[in-house]
Every structure is written in structure tokens, then in C-alpha cells.
Amino acid sequence: MSAPLRERLQLGLLLGPASIFLAIFFLVPLGIMVVTSFLAPGLYGGVEWEFYPHNFGRILGFADPAFEEFDPVYLEIFLRSMRIAAMTVLATLLVCYPAAFCISMMSQWWKNFCLFLIALPFFTSLIVRLFVWVLILRQSGPINDVLLSLGLIERPLEMIYTEGAIILGLVYIFVPFMFMPVYASVEKLDWSLVRASQDLGAGPIRTFMRVILPLTAPGIIGGSVIVFIPALGNFVVPAILGGAKVMMLGNLIEQQFLSARNWPFGSALAMLVMSVMLIVMMGFVLISGRRKGRGA
Amino acid sequence: MRLFSNLLRPGLIFYTMLFFAFIYLPLALITVYSFNANPVDMMTWTGFTTEWYWQVLGFRTTVSETSMYIESTGQLIAALRNSLIIAGSTTLIATILGTALALALYRYDFYGARLYRVLMFMPMLVPDIVLGIALLIFFVNAGISLGIATIIIGQCTFLIAYVFIVVSSRLAGMDRSLEHASADLGANEWTTLRKVVLPQLMPGVAGGALLAFIISMDDLVITYFISGTDVTTLPVFIFGMLRRGIKPEINAIAVMMLAFSFIVASLGLYLRSRQK
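Protein chains in written order, with this note's numbering: chain A, 1 to 296; chain B, 297 to 572.
Heads up, some of the hints might be wrong.
Going by beta-carbon spacing under 7 Å, a handful of chain B positions derived as facing chain A [unchecked claim]:
1) Leu321
2) Pro322
3) Ile425
4) Ala430
5) Phe434
6) Pro531
7) Ala550
8) Leu565
Please keep in mind that the hints were generated in silico from the structure rather than gathered at the bench. In this text, a Cβ means the ideal position worked out from N, Cα and C, and glycines have one as well.
Build the full structure now, drawing on both the sequences and the hints.
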């Protein structure tokens, strides 16, 4: 056997199985989902093979006139999901950013220990970590107990099954996702630039806005993308902490697949999540490309 | 300026303490209250008991009248067994396929290699609910009945990407001159791969496998959509219990799972830190 031929055979052997596997079980399913989102829902849960753009119309404002009038409820759920995801990004950033500065100033041993403590929850069961918040936020949970016994409130607060509860749950599970990229850029921060800024007479706020914030922006942007994408399509957190009261896109998709059995509409909703993800990713690539081009 | 930083430093330290309290206080709380004897209201302390642990472990089958006991220990054990079978299989498949992909892209320069690198991030970026329903549509249309096999296939689609990324980063940090030395000394390619590349690569492969196992054991969303009606895994089982209403037994299960993953993760991270 000639050398190039043998090399190609080896390459094929290494590349082939995984490529075939991913083509069949990753790309083809996604392709079928795209096609399904443009088909009409059948009467008893199946699909009709005809082009039907109204699945998207139901969400965006041009519902099938033969069946229904446009109902903004789906658009509301979409906008609420966007809002919740954005608030989650903001809140995780507020939680992680100052802590990243504090930890970056510690001795090496403490740094490693703190990073270990932050990474540890990532390795524990997600559902268990969310369950804890169900107990805490319930009407008879410890927060309400304390507030009631102090006489600060007369009736238990409704904390669970609210948008706030969902955001809290999302923040709790996404803290490691935000912390790691933010910490990486805070750790690299060149403090001599900060001192230079102060020596040149800039106050603390000006120094922060003009020096510290731009220098740590890559971590902030990276962390925001990593948190926003899974938060937007999240389904477990709103299912557990939002109940039936606060719905997000994830719950709506689940409903279309497992109870309403309108698969084309569910696929269209999933396509919406995918397109937001793609737009966010493209923006991210553009911004980080521009920063690299400037040498920042 | 000095006054400012004198104020800032203790403030930051206090904030960081709050940060860790936010992460760990809830976990500590649930551990304490898992020993609470109150069967109706888990967060109102009435006394110490290990009853819930015994019930979960199946040593005590007496059902108290106040708790509506639907789930049996048998179901829990079955879910755990399914989870272990699935995680074991997916880890094996994803580790082999992901490592092969990483090796191919590392050793060969070929047309489309860059596209592969970009494509390998796709399964991690696609939101899990989207992948879950895409697989559900695919399996139902292809006439494949849902069960353990479909869960294994579904999880492998994104676990391959995780293994690929971990192994690739290990490969990127490796010393290629050793390979050249091996070739200069007359070893053929296969021997070099076996005796030089793979031993150096092992920590990366082991790390990728461990990550795949942990993520597989914890996967809820994709498994939830493609598990069908007969098969449950541990996370899907707990999710179902939670949706029907919470019971003290879940507390005990949760604390045992926390303890288990803390021990495994600590051991893994400790071993890794010793290797460096």
C-alpha cells in the first residue's frame, strides 16, 4: 500500500465513525425539525405535508386565518423569556464580578481553593440544586418563617412561582458559567495600567469605566453569551420554580410536544430559540473579531 | 484614594463571603433538614430522625399515614440502574469517538479540518431542549421505539463534542518532538501512537471520560424527551417526583446524591492537582 493511501485510510478510520454518527443522529434530526416547523399540524397529532408558514405566524403575528385570530400570548412568552434571560445575565454578572476581583487578589492556595468551591456545584446534580430552592421559597419556607416571626409581614410572601424565583434559580445554576470567563480576564488585568490611570488623576469611577471595565470586557461578554443561551431555552427551572403561572419558551415547547401534540408549532418555537442563539453567536464572533483586530 | 481602597477591600471580602454563602448555604440547609422528623412540612423542625434515609434505602417499608407514598424504593433503584447503564455506555462510546476525532484533527491536515473544528462546538451550543425535540421527531419518524438505546444515542451526540474538546486541548499542549524522536529511532506510526502519543494523552482521555460520565448521569432535558414511557433515569425520576409534589424522601435522596458527587468531584480534582 502506498503511503498516502494508507494515511487516508487511517484518517478515514479515525474520522469516519464519529462523522457518520453525528451526521445521522445530530444533523439529520435538526434538519427534520427545520422541515417540520414549516409543515401543517395534522388533526390527530401528526403532520400534513404542505407548506405552512403559520406556525411562525402564530408567534409573530400572522396566524392561519382559517383557524384562529392572532393571539399575542406566544409573543408575550417569547419576550418574557428574553427578559428573564437578560435579567439572569445581569444578575449573575453582578454576583460574580466583585467576587472575581476579590479572589484574584488572594494567595495561590486560596485562589485554587475558591475556584474549586465554585466549580464543585457544577459537578452536582442540577435537579437537586433546584429542589433546594423549592423548599426555601415555599410559603412555609425558612424565609417566610423568619419574616413572619419578626413581624415584618403578616401573610407569607408568594416567592415561588414568580419570575423572580425563575431568575434566582437560573442565577444559582449558572454562577460557575459566568464566574470562570470573568475570573480569567480579571486575573489577567494589568494593575500597572490602573495605577497609571490613578497617577494621571482619574478618580476611582473614571478609572473603572475607562480602564478596568474595557480590559475585563472579553470575560464579561464571553460569560454573558454562555449564560444567555442556555437561560433562554431553559425548561427545567421554569417547570420547577415557575409552575404553571410563569411560562417560558422551554415549557411551551414541552407542552406542544408532550401534551398538545402540535409538533410543527413546537418545532417553530424551537427554531425561534435556535435563531436567537445564532444571532447572539454571530454578534459574539463579530465583537471578539473586532477586538482582536484592534489588538485589544 | 487611600480611604477609598481601605473601604473597598473589606467590602469586597464581605461580598465574596456572601457569594459563597449564596452557593453553599442552601445546600447546608437541605442537609440539616433532611434529618427533620416532620413528614408534612419539611422546613418546620420537629425533631431529629434518620427515617427518610432508611425508607429511601429500602430498609423500612412501613408507610406512615401522613405521607402519600407513591414511589417505591424499587423504582428508585431501577432509575439509578438505568442511569448507570446509560452513563457507562455513553462514556465508552463518546470517549472512543471523541478521542478518534481529536486525534484525526491533530495528526492530519486535510480539507475541511477547520469546518470540523467549528462544527464540533455545535452540539454544545444548541440548546438542549432543541436537540431533545429534534431527536424525538427523528426517532418517532424513523420508527425507533424510545428506550435505553435512544437515550444512549441522544446523549452521545453532545458528549462526543465534550470529549473532543477536552482531548484536543490536551493534544494542543503536547510535545511533538517526542513523536519525531520516536520516528527517528525507527518506530513505525502505530508503535509511536501506542507507545508515545497515547500514554501522554491518557490524562486528557480520562478527564474527558469523567466529564462525559458526570454530564450523562445528570442529563435531564434530552433524556426527558427521548426516554419514552417505560424507562426513567435518576434525574428524570426526581423531576417527576418534584412535579407531583415534594416529600421528605426526596430530601434524603438529594443529600445522598450531593454527598456522592462532592466526594467524586473532590477526588477527581485532587488527583488532577497532584499530577501537575
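Status of the hint placing B/Pro531 at chain A (closest C-beta pair under 7 Å): OK, holds: B/Pro531 within 7 Å of chain A, min 5 Å.
Given B/Ala430 as an interface hint, is the shortest Cβ-Cβ distance to chain A below 7 Å? holds (4 Å)
Should the hint that B/Pro322 touches chain A count as held when the rule is a Cβ pair under 7 Å? Because about 4 Å separates B/Pro322 from the closest Cβ in chain A, which is inside the 7 Å limit, the hint holds.
Can the hint on B/Leu321 be confirmed by a CB-to-CB distance to chain A that is less than 7 Å? violated (9 Å)
Does B/Phe434 hold up as a contact with chain A if the rule is Cβ-Cβ below 7 Å? Hint holds; B/Phe434 Cβ to chain A Cβ min 4 Å, cut 7 Å.
Closest C-beta approach of B/Leu565 to chain A relative to 7 Å, hint status: holds (6 Å)
Let me know if the C-beta of B/Ala550 comes in closer than 7 Å to any C-beta of chain A, holds or violated. holds (4 Å)
Taking the least C-beta to C-beta distance, is B/Ile425 closer than 7 Å to chain A? Constraint on B/Ile425 satisfied, holds at 5 Å.
Against the hints set out earlier in the document, a violation occurs for number 1 only.
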